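Those protein sequence lines, which keep their order, are chains A and B.
With UniProt numbering as the guide, the letters of the first sequence map in order to residues 1 to 358.
With UniProt numbering as the guide, the letters of the second sequence map in order to residues 1 to 358.
No lab work stands behind these hints: they were computed from the structure.
Bear in mind that the values here come from a model prediction, so they are computed numbers and not experimental data.
Warning: the hint list may mix true and false statements.
Copies of the same chain look alike in the list, so a pair counts if it fits in one copy or across any two.
To be verified - In silico SDA-like pairs for lysine to any residue, Cα to Cα no more than 25 Å straight-line: (1) Lys305 - Gln323; (2) Lys145 - Ser34; (3) Lys312 - Ser339; (4) Lys11 - Ala231.
2 protein chains.
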Amino acid sequence: MNVTRINASSKTYYVYVGEGLRTKVEEFLPKTYSSILIVTDNLVAGHYLEDIEHNFDNERVYTAIIENGEESKSIEMFHQLQTKAIDCGLDRKSLIVALGGGVVGDLAGFVAATYMRGIDFIQMPTTILAHDSSVGGKVAINHEKGKNLIGNFYSPAAVIYDVDTLKSLNQKEFRSGYAELVKEALIADGTFFNTLMSVNLSDLNNTTIADHINQGITIKAEVVEADEREAGIRKYLNFGHTFGHALEALQGYHGFSHGEAVAVGLLFAFQVSEETFSIRLPFERLFSWLRSNGYPLQLPELDSKHMLSKMKLDKKTEGKKVQMVLLQSIAQPITVEISDDDLLRHIELFKKTLSGRF
Amino acid sequence: MNVTRINASSKTYYVYVGEGLRTKVEEFLPKTYSSILIVTDNLVAGHYLEDIEHNFDNERVYTAIIENGEESKSIEMFHQLQTKAIDCGLDRKSLIVALGGGVVGDLAGFVAATYMRGIDFIQMPTTILAHDSSVGGKVAINHEKGKNLIGNFYSPAAVIYDVDTLKSLNQKEFRSGYAELVKEALIADGTFFNTLMSVNLSDLNNTTIADHINQGITIKAEVVEADEREAGIRKYLNFGHTFGHALEALQGYHGFSHGEAVAVGLLFAFQVSEETFSIRLPFERLFSWLRSNGYPLQLPELDSKHMLSKMKLDKKTEGKKVQMVLLQSIAQPITVEISDDDLLRHIELFKKTLSGRF
Ligand SMILES: NC(=O)c1ccc[n+]([C@@H]2O[C@H](COP(=O)([O-])OP(=O)(O)OC[C@H]3O[C@@H](n4cnc5c(N)ncnc54)[C@H](O)[C@@H]3O)[C@@H](O)[C@H]2O)c1
Ligand SMILES: NC(=O)c1ccc[n+]([C@@H]2O[C@H](COP(=O)([O-])OP(=O)(O)OC[C@H]3O[C@@H](n4cnc5c(N)ncnc54)[C@H](O)[C@@H]3O)[C@@H](O)[C@H]2O)c1
Ligand SMILES: [Zn+2]
Ligand SMILES: [Zn+2]
Chain A
1 MNVTRINASS KTYYVYVGEG LRTKVEEFLP KTYSSILIVT DNLVAGHYLE
51 DIEHNFDNER VYTAIIENGE ESKSIEMFHQ LQTKAIDCGL DRKSLIVALG
101 GGVVGDLAGF VAATYMRGID FIQMPTTILA HDSSVGGKVA INHEKGKNLI
151 GNFYSPAAVI YDVDTLKSLN QKEFRSGYAE LVKEALIADG TFFNTLMSVN
201 LSDLNNTTIA DHINQGITIK AEVVEADERE AGIRKYLNFG HTFGHALEAL
251 QGYHGFSHGE AVAVGLLFAF QVSEETFSIR LPFERLFSWL RSNGYPLQLP
301 ELDSKHMLSK MKLDKKTEGK KVQMVLLQSI AQPITVEISD DDLLRHIELF
351 KKTLSGRF
Chain B
1 MNVTRINASS KTYYVYVGEG LRTKVEEFLP KTYSSILIVT DNLVAGHYLE
51 DIEHNFDNER VYTAIIENGE ESKSIEMFHQ LQTKAIDCGL DRKSLIVALG
101 GGVVGDLAGF VAATYMRGID FIQMPTTILA HDSSVGGKVA INHEKGKNLI
151 GNFYSPAAVI YDVDTLKSLN QKEFRSGYAE LVKEALIADG TFFNTLMSVN
201 LSDLNNTTIA DHINQGITIK AEVVEADERE AGIRKYLNFG HTFGHALEAL
251 QGYHGFSHGE AVAVGLLFAF QVSEETFSIR LPFERLFSWL RSNGYPLQLP
301 ELDSKHMLSK MKLDKKTEGK KVQMVLLQSI AQPITVEISD DDLLRHIELF
351 KKTLSGRF
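Go ahead and model the full structure; you've got the sequences and the hints to work with.
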């Protein structure tokens with residue numbers, strides 16, 4: 001088991017990564033709670049809910065099962081979970097357990113952050129991508145007009161990550177999670193990037209995965225400790241996300257998973273970085289790694305102007321122009337303001353670059 | 001003008017109380033903002049919106065007018081304001097201005113706390129009661145099943161309190177606000193309590209009101225600085241609220257205003273305190289002050305068991321029993337756990353006490 005300590009401004013908490021942790025959750029709780037509400041989705045519930053439920057030495061353990069998928073990060077589901085918490089009699093000394101991927105973590109975390117103005121919650125990530133979403137204290141739901149627009153900065157009481165649960169993930173979810181690991185490597189650690197580029201996603205064991213997850217969490221932890229509320233360098237974690245989020249939004253969150261969209265966004269950010277700084281980045285290497293690991297790299301029909309307007313709605317945009325994270329070199333990120341004209345040109349060019357390869 | 005500094009854990013902010021401040025708001029803003037959304041209700045808008053709008057040296061000033069009244073503190077209105085903020089293009093460097101009473105402050109504050117995970121907002125209280133709600137960083141909306149169940153601790157960037165705006169308040173709102181001042185006096189300052197008991201609410205000038213408000217804010221500030229997240233002594237501010245909230249809820253937030261319900265709750269808390277500690281409190285003095293100032297003191301038909309279950313839903317209840325703030329003497333509050341049986345008995349007795357006086 002690996003333990004990482006996270007010093008958030010409001011509290012210090014620990015991230016536990018290891019095998020079989022789901023059957024000894026109580027050992028990692030910072031204190032006892034008057035009641036516990038486990039929030040999970042229907043897929044994860046089928047695999048692991050029973051293991052978790054039987055885990056707590058507490059008479060008042062309740063469960064809320066949401067439908068899997070991004071659509072559940074809605075204000076309606078938020079409201080339903082609040083109602084559930086009230087009906088179960090949760091009080092200020094109660095705990096919410098977010099058992100699942102980033103959707104469950106973001107949603108249940110936001111419920112915990114706002115229920116009676118904030119009760120404790122723990123993250124129990126069950127996807128690789130959730131190594132990212134479970135650490136750093138960002139919780140949110142979506143608005144019809146954009147992703148993650150309604151939320152809080154609210155740290156969990158602990159993150160308990162049982163890597164055994166990852167074995168039931170399909171390849172699409174593996175790809176999705178590894179895209180965020182590649183992103184973290186790119187903004188902070190060239191050696192880790194090289195390691196990842198030598199990996200075959202269909203041929204990984206638990207120990208290797210845990211190692212990659214721990215490296216990702218270490219990078220994420222350093223960044224968020226330095227800038228919890230995203231006033232500065234935390235923005236680097238959005239590397240690849242300007243294009244990625246817009247692609248997701250245009251797809252109505254179908255087709256590309258979050259990480260798959262980010263993977264394409266990494267390539268886009270490479271292209272813009274190369275031109276902006278007249279440098280070379282390992283575009284080819286990343287492209288072929290993504291391709292050989294089955295990432296979808298063929299864009300759907302995209303109207304460039306529509307794409308641009310989606311980018312501008314992305315919440316990292318301040319005032320009028322789009323702020324994009326670029327690389328000056330590997331592990332040297334920087335935030336740059338890009339004009340609409342330049343962005344449009346880049347979108348056009350990028351569409352050509354990708355389509356020319358198929 | 002009087003300035004009070006509030007040291008919250010996340011930020012330090014200032015409360016400005018004075019005459020005519022609404023026409024020089026920009027002087028009190030801690031920084032400049034990319035755009036501004038003023039949230040107010042239809043009644044307040046009629047009186048003061050224009051003064052405020054013309055105040056900002058910013059091209060991007062938008063307005064959202066909600067319907068007045070507690071019903072607006074709903075998840076639907078919350079959602080509508082989020083949509084409005086998005087449609088106006090508010091970004092992370094934008095400001096929300098809450099112009100109005102506690103309803104506008106709580107609602108707009110919660111929108112600000114969650115829009116893009118939190119943007120700045122200022123409180124511009126226009127009721128006396130809002131001296132309480134605007135200071136201390138509690139923001140919330142109601143759930144159908146209980147008041148203020150969904151919210152955050154989120155401090156404003158500043159509180160700008162123009163006492164001139166209070167002249168358009170009706171007597172009901174005066175009473176409502178002064179009940180919270182009496183509450184603050186009771187938990188912290190016997191001299192202030194004596195001052196208030198000698199006041200006639202229909203015969204007050206701006207200077208006197210400003211003085212009372214400043215004393216109330218000073219007490220509130222001391223309490224919340226010592227215990228921002230209500231782990232301990234902040235609960236004292238709920239003096240009178242166990243019964244008050246339940247009464248409000250049973251009335252469906254009609255009839256009694258918040259402060260009027262709290263006023264009745266103060267008497268109830270007096271009664272429970274007197275019996276619990278075998279002491280005498282100035283029940284008669286408070287009762288006759290309330291009566292002579294027109295507070296409604298005749299209870300509607302109340303089912304005691306129903307009342308009890310409403311009290312138990314109140315979010316200050318932990319685990320099973322009701323926690324109530326009592327007085328050991330004036331300015332000596334304490335939190336006490338009261339059994340259901342005792343509470344029921346007290347409710348019955350209290351109903352008799354009040355009805356016997358009419
Ligand atoms: N808060 C943050 O900092 C942050 C960071 C990155 C992403 N996110 C958010 O995370 C979400 C994406 O996370 P995600 O990719 O984990 O999505 P997800 O939660 O939707 O999980 C993906 C799919 O995998 C299934 N699943 C989860 N665990 C499983 C398991 N162990 N076995 C089998 N199936 C399993 C789920 O049911 C779902 O269908 C997005 O909403 C994104 O906005 C948040
Ligand atoms: N956040 C906190 O710490 C806290 C503390 C106490 C109360 N509250 C909340 O505050 C709310 C009650 O506040 P309130 O009593 O100010 O209610 P309110 O905002 O509903 O205002 C009362 C009425 O007065 C009107 N009004 C406001 N200003 C006016 C003016 N200057 N002239 C004429 N009319 C005016 C309003 O339109 C409304 O009809 C409740 O929702 C309560 O839960 C919050
Ligand atoms: Zn991401
Ligand atoms: Zn009150």
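Okay, the hints, checked on the actual structure:
1. In this homomeric assembly, Lys305 and Gln323 come within 25 Å of each other (Cα to Cα) only inside a single copy, at 17 Å, whereas the closest approach across copies is 58 Å.
2. For a Cα distance limit of 25 Å, the shortest separation of Lys145 from Ser34 across copies, 20 Å, qualifies, whereas the shortest one inside one copy, 38 Å, does not.
3. In this assembly of identical chains, the alpha carbons of Lys312 and Ser339 lie at most 25 Å apart only when taken from the same copy (11 Å versus 56 Å across copies).
4. Taking identical chains as interchangeable, the C-alpha atoms of Lys11 and Ala231 lie at most 25 Å apart whether they share a chain (19 Å) or sit on different chains (15 Å).
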